[in-house]
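Here's the letter readout for the chains.
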Amino acid sequence: MTERSSPVSLLRPWILPALLLAAFEWYARRAAALGSDALAPPSAAARAFAGAALDGSLWQATAFTLGTAALGLLLGAVLGIGGGIVLGLSRRAADLSLLSIEVLRPVPSVALIPLAMLMFGFGVRMELAIVAFATFWPMLILVQAAVRQVDPRLLEVSRVLGLSRRDRAWKIVLPAIVPRLFVALRLGVAVALVVAVTVEIAANPNGMGYAMMIAQQSFDPALMLAWLGWIGIVGYAINAAMQRLQRRVARRMGATP
Amino acid sequence: MNAREIQAPEVLSVDRVAIRYDGREVLSPTSFEVARGEFVCIVGPSGCGKTTLLRAASGLVAPSGGEVRRRGLPMTGPSREVAFVFQDYGRALLPWRTVEGNVSLALEAAGVPAGLRAPRIAEALDKVGLGRHARKFPLQLSGGMQQRAQIARCLAQKPELMMMDEPFGALDALTRQGLQDELARLVREDGLTVLFVTHDLEEAIYLGDRVIALQADPGPGRPSMARMIAVDIPRPRDQLTTKEHPEFLRLRRELFTFIAQGHD
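So the sequence lines, in the order shown, correspond to chains A and B.
The numbering of the first sequence is this note's numbering, which starts it at 34 and goes up by one.
The numbering of the second sequence is this note's numbering, which starts it at 155 and goes up by one.
Please keep in mind that the hints were generated in silico from the structure rather than gathered at the bench.
Just some of the chain A residues that point at chain B, by a computed CB distance under 8 Å: (1) Arg186; (2) Glu189; (3) Val190; (4) Arg192; (5) Val193; (6) Gly195; (7) Leu196; (8) Asp200; (9) Lys204; (10) Gly287.
A short list of chain B residues far from chain A (calculated; beta carbon distances all over 12 Å): (11) Glu221; (12) Leu333; (13) Ala414.
Every residue gets a Cβ at the ideal spot worked out from N, C-alpha and C, and that includes glycine.
Looking at chain B on its own, in the form it has when it is part of the complex (with noise of 0.2 Å):
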């Protein structure tokens, strides 16, 4: 362990991290930490950046300022410690494989020997409740369990640090409202650490330890506005209790204010 890891124990640290596509400013310098066991929620009305603020701090596009750092170190493109989940699962998920053959290809690419991954791979699908559906192949699944599919995929590979991407973003309220307490659940047992992007307020507050709130785009010249806010709404949440709270009602408020400024 060296000495800068002392200093800086957050798993991730975003260091006045900016995106320029063609010169247009798409993302302005955002600063923030994850701390181990944190679910930090980026929320944000759309063409905020906030994915690609997200796909920035996972190492999949590389900044045009800032630096991205995880466990003090930079970081310089994907890891295998870093899980990423997206949107669009009937996209991510590889259609040829079984459910199991596809949360095997995460313990593929991290080399777990043929022997070692059929109990692995069990144990994931467990906690996500697939464990009778090994054998499908994703089409044959609905949009909520093809993306419990690859949320099992991302759980195998036991990341330091599972990235979400608006995951629920195209499911079916009620189903949406399951798989975030499901979510919530995993994140409570197995101590996860989670980056999530959402446009939905609700599920920002409902899910986070912390929300970042980004404004839409301010104009050139203009720096974009973050704004971060503790929840401090005891757990275990439930769907119906914890969104009458009034914190959830004061906060749902308060970012509400900050986001639709950036709409006037």
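So here's chain A without its partners, still in its complex pose (with noise of 0.2 Å):
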């Protein structure tokens, strides 16, 4: 105990990082007094982090994007759970919809690109409905998966009580799922983020992925390297987030800690 709590163990998650930054400095400054200006050093994007956040840029964009992918999340998993929970419960809406699903599901959510751009235009709805398809499927098969497992002692004892359907899919199945579900919110928010910015590089002007095209287009590796970084960095705080959230649940649903 005395141990895990000593300075120095603190700051050893902190070396490789640091390592890694002080390299990628070396080798940019020498790429830079060779004459390349493809890559700038770490110094030089903390300047253009900077730059951005102060100038409110920084904060549009990540709003734009966050928003844009927690909208499409919420819609692609409430769907996904409903249709789960459904799907899971019911062998024969399942074998209804096994072919649709198999056929619908492979289908890169990036070469919706196209179509919805035709149906929405630019902006947020096109983006919104990318993400959305993006996260439903995942958000279906698992959440399928995790009702078929709940303990059909359970799904009994909801029988014997009495339940109404509405009832049995709120009060036992889907706080049964919770864990799983968590499993599931996870792996969304990753797609949600990973979508929302590849659409906004190949297509809608808007959000990180734009600035950092742009920052791309306009010879500025300095601003991209901090888009990039911020990225990385947006995405870790998320991941942490949802872990907090989800041992604060599971505390609340009477998991002993």
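Each chain sits in its own coordinate frame; assemble them with the hints.
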């Protein structure tokens, strides 16, 4: 215990990133000295980052990407969870939709960009639709599997107590799958972020992905790297927040710490 | 009230109920009746089909042959009038709900308005002595207390009939005896009607007004044997004196001999 909280061990996770940054700094400076302007050292990226943070473009683009990813995930998750519960509880519904799911699911979500652009034009709605599509499938499949693994005894309890279908889904199945639901949600969050940034890079002139593209196209490698690092930090922060939320929910649901 | 109900006042009639799985006979045709306020035990070795019989009698599985009737009317599925206590309390309680939340589930299922639930939950928990543990989660309780919580959930239903599937089978001997006595007291005070499955002969005789003994699977083509005995031992019963009662010993010998016949 004392060993774990000593200052040296607290610093330990930071050693490798610091070394990598230093190596990158050295390599980029050397490349610049040799006449290449394709790379910028982390120190220049940090200055570019401060500039973007001060002029507000950083926060605006971040809010756009995160907001769109969150809304798209919400849409995909609500539909995926609802559909997954139905498919998990009803063998008939699962048989009925198996073929459609297996045909639609492998479509890469990015391949929907042309279609979404035709239907929704540039902007939030197009990106929302693609994020929702991309997150819907893993949520659907994982929730369906989770429902299948709910202890049959709990379903029997709901039968002998005479719970309605709705109550069985809300009060038995949904709480029973919460731990697996969090695994699905964390996957969904990662997918949503990746797809949102990809759509912005490829098509939607908004958000962090587009900002990074503009930086690249205007030969500003420092700003481009600043965005890249920032996207990584945002992704890390979101995942950490999800883990905290998961622990808190688990405690509220009677898990002993 | 129709004529059929007057003719058949039994709370439960099991009429030549048989169960087959994949062509294999799990339970040969079995008939018995349970009257209001009666405590009937089904006892037999593992594999004799006693749990299957209980599940058929409560509508959880449909019999392959015969019919189950409640107050003379055919039963087609589980009913809120029939409560079921599972042996594996750890799996039958919702781990994410507190003890009172678990009891509340029965009232929510029955459509009791939220404002009226609290007193009924408290009443059910007091009956099983869990009043002080209402806010705890099942995993924070011992096995015996978890089983009490499940019994409280069934009591809150105010069922006409309580089905119990080896409810004390997983508990240690002392806890089991304590819960047997508490169950006997609840039955006396509330006039419960109980159908109780156990593999423990002494438990069956100690608790029951009547005992149905089943023999193990007799092999294909031969009907499994069932015997019904009445337990004429005065109540309230007591762990020591009742189990030394000459009638208790005689019944124990009779049932033991009967069940052992299937094991030759």
